[in-house]
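**Q** Chains as they are written, first to last, in my numbering: chain A, 1 to 180; chain B, 181 to 374.
Hints in this document: simulated from the structure, not taken from any laboratory. Heads up, the beta-carbon is just placed ideally off N, CA and C, and yes, glycines get one too. Incorrect hints may appear among the rest.
With a cut-off of at most 27 Å between alpha-carbon atoms, the simulated DSSO-like pairs for lysine-lysine come out as follows [to be verified]:
#1 Lys166(A) x Lys66(A)
#2 Lys275(B) x Lys119(A)
#3 Lys275(B) x Lys9(A)
#4 Lys166(A) x Lys119(A)
#5 Lys166(A) x Lys275(B)
#6 Lys187(B) x Lys9(A)
#7 Lys66(A) x Lys275(B)
#8 Lys9(A) x Lys66(A)
A few chain B residues that face chain A, going by a derived Cβ cut-off under 8 Å, partial list only [stated by the list, open to error]:
#9 Tyr259
#10 Ala261
#11 Ala339
#12 Ala340
#13 Leu342
#14 Ile344
#15 Leu369
Take a look, some chain A residues computed to stay more than 10 Å from chain B by CB distance [what the hints assert, rightly or not]:
#16 Thr6
#17 Ala122
#18 Glu140
#19 Arg164
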Amino acid sequence: MGMNGTTAKSRQDARYLAAARAHGAMIERLARGYEADAELRRDLVQDIHAALWRSFAIFEEQCSEKSWVHRIAHNVGVSHMMTGRRRRKMPLVGLEQIEELPGGDDPEHNTGTRSLSDKLLATIHRLAPADRQVMLLYLEDLTAAEIGEVTGLSAAAVAVRIHRLKALLAEPYRAEEKRA
Amino acid sequence: MNSDPVKQAWQASVEIAGAPPLEEVRAGADRFYRTVRRRNLVEYVACVIVVAIFTYYAFTMPHPLQRIGAVLIVLATFYVAWQLHRRASVEAPEKAGAVPIYAFLRGQLVRQRDALRGILWWYILPFVPGFALMTAGNWLDPATVSPGGPGLREWLSLAAMLAILAVIWWLNQVGARRLQRHIDEIDALTEGRE
């Protein structure tokens with residue numbers, strides 16, 4: 001490898017490491033959204049990091065680094081989800097088919113030991129890919145425009161999903177207000 | 181950190197995750213390409229076996245039409261292997277960053293759909309001239325044909341071969357229609373976006 005090749009490689013390593021440090025926790029959370037099994041999730045995280053590292057050889061600021069990392073990570077996540085679909089027992093649904101976060105009949109819900117993030121995760125695992133991506137990106141605090149840029153979904157498709165999400169996520173608080 | 185308690189709870193579920201060791205990441209990246217190389221190797225080995233068998237036939241078959249047919253099958257095998265490589269190779273995941281998720285996914289699905297839809301032209305038809313000549317040679321060769329010319333046995337084996345080709349074509353069209361449904365779903369989700 002020549003001098004230029006070495007420089008390019010070390011630049012790729014440096015950019016990857018900076019992005020992995022900045023977005024590492026997001027990648028872990030995203031992997032939880034795509035894979036419930038801990039062992040398989042480790043492989044998924046590794047695959048995302050591998051794709052990310054390679055991607056920094058061709059990253060030329062085509063979009064923001066944040067969008068770039070989300071696109072790579074979700075793409076690997078969707079591929080993982082598609083190859084694993086045969087072993088899934090429950091059919092995937094859209095956000096419009098979910099009326100509330102899980103926990104109503106769950107005794108743990110009433111004692112409050114089941115955390116909100118677990119309920120979110122249980123909901124995410126039931127969702128079809130587009131709804132799942134919007135929910136994960138929304139929870140990562142991306143704006144509707146950013147979600148559109150990452151996914152390529154139309155503004156209307158993003159807006160309708162965020163609207164449903166806000167209603168779904170506000171439901172426990174409304175129920176609490178009613179009880180109070 | 182934002183003020184939305186739901187987003188806060190989600191982001192607090194994993195707050196710290198460092199970069200994994202670079203060596204581990206590089207090894208993971210190699211794994212993807214190793215899998216692709218292994219798949220390609222299987223295709224090349226299958227190709228070499230077919231080429232070896234039909235090259236042998238090209239020199240040993242008694243009838244000239246059989247020998248020409250064998251040569252055409254060898255040529256068709258090279259053509260199909262090249263087409264397979266061109267049409268069905270995997271898109272590397274690191275390229276996904278340059279375009280939105282659904283544009284990337286759609287591109288892959290369209291490529292796979294077109295490969296399945298056009299299977300008649302790039303996978304089935306290239307073998308037909310070779311097989312047709314070999315069959316004609318078999319039928320004209322007194323050593324291989326039934327006494328008195330082609331009979332029930334010959335016609336049945338020809339019909340079986342055509343039926344297999346028809347089933348291959350039909351299964352691929354079913355696959356192409358399934359992919360088209362996914363593409364239509366994506367188009368509905370992304371409609372109006374540049």
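**Q** Next, verify each hint and record whether it holds.
**A** So, going through the hints one by one against the coordinates:
1. Proposed proximity of Lys166(A) and Lys66(A) is supported: the alpha carbons are some 23 Å apart, at most 27 Å.
2. As the CA atoms of Lys275(B) and Lys119(A) are separated by approximately 33 Å, the hinted pair breaks the 27 Å bound.
3. Our distance criterion of 27 Å between C-alpha atoms is met by Lys275(B) and Lys9(A), whose separation comes to about 17 Å.
4. Under the criterion of a C-alpha separation no larger than 27 Å, the hint pairing Lys166(A) with Lys119(A) is consistent with the structure, at around 15 Å.
5. The suggested pairing of Lys166(A) with Lys275(B) is violated, with an alpha-carbon distance near 33 Å, which exceeds 27 Å.
6. Restraint check: the Cα-Cα separation between Lys187(B) and Lys9(A) comes to about 36 Å, which exceeds 27 Å; the hinted pair is violated.
7. Using a Cα cut-off of 27 Å, the hinted pair Lys66(A) and Lys275(B) holds, with the two alpha carbons roughly 15 Å apart.
8. Restraint check: the Cα-Cα separation between Lys9(A) and Lys66(A) comes to about 21 Å, which is no more than 27 Å; the hinted pair holds.
9. At about 30 Å, the closest approach between the beta carbon of Tyr259(B) and any beta carbon in chain A exceeds 8 Å, and the interface hint on this residue is violated.
10. Taken as an interface hint, Ala261(B) does not check out: its beta carbon lies about 25 Å from the nearest beta carbon of chain A, beyond 8 Å.
11. With a cut of 8 Å, the hint placing Ala339(B) at the interface with chain A is violated, because the nearest CB-to-CB distance is about 35 Å.
12. With a least beta-carbon distance of about 32 Å to chain A, the hint placing Ala340(B) at the interface is violated under the 8 Å criterion.
13. Taking 8 Å as the C-beta cut-off, the interface hint given for Leu342(B) is violated, the closest approach to chain A being about 33 Å.
14. At a threshold of 8 Å, the smallest CB-CB gap from Ile344(B) to chain A is about 27 Å, leaving the interface hint violated.
15. The closest approach between the C-beta of Leu369(B) and any C-beta of chain A is roughly 5 Å, which is under the 8 Å cut-off, so the hint is satisfied.
16. The non-interface label for Thr6(A) is consistent with chain B: the shortest C-beta to C-beta separation is roughly 15 Å, beyond 10 Å.
17. With a minimum CB-CB distance of about 12 Å to chain B, Ala122(A) clears the 10 Å threshold, and the non-interface call stands.
18. With 10 Å as the threshold on Cβ separation, the claim that Glu140(A) sits away from chain B is violated: the shortest Cβ distance comes to roughly 7 Å.
19. In this structure Arg164(A) is separated from chain B by more than 10 Å, as the shortest Cβ-Cβ distance comes to about 14 Å.
When each numbered hint is compared with the structure, violations occur for hints 2, 5, 6, 9, 10, 11, 12, 13, 14 and 18.
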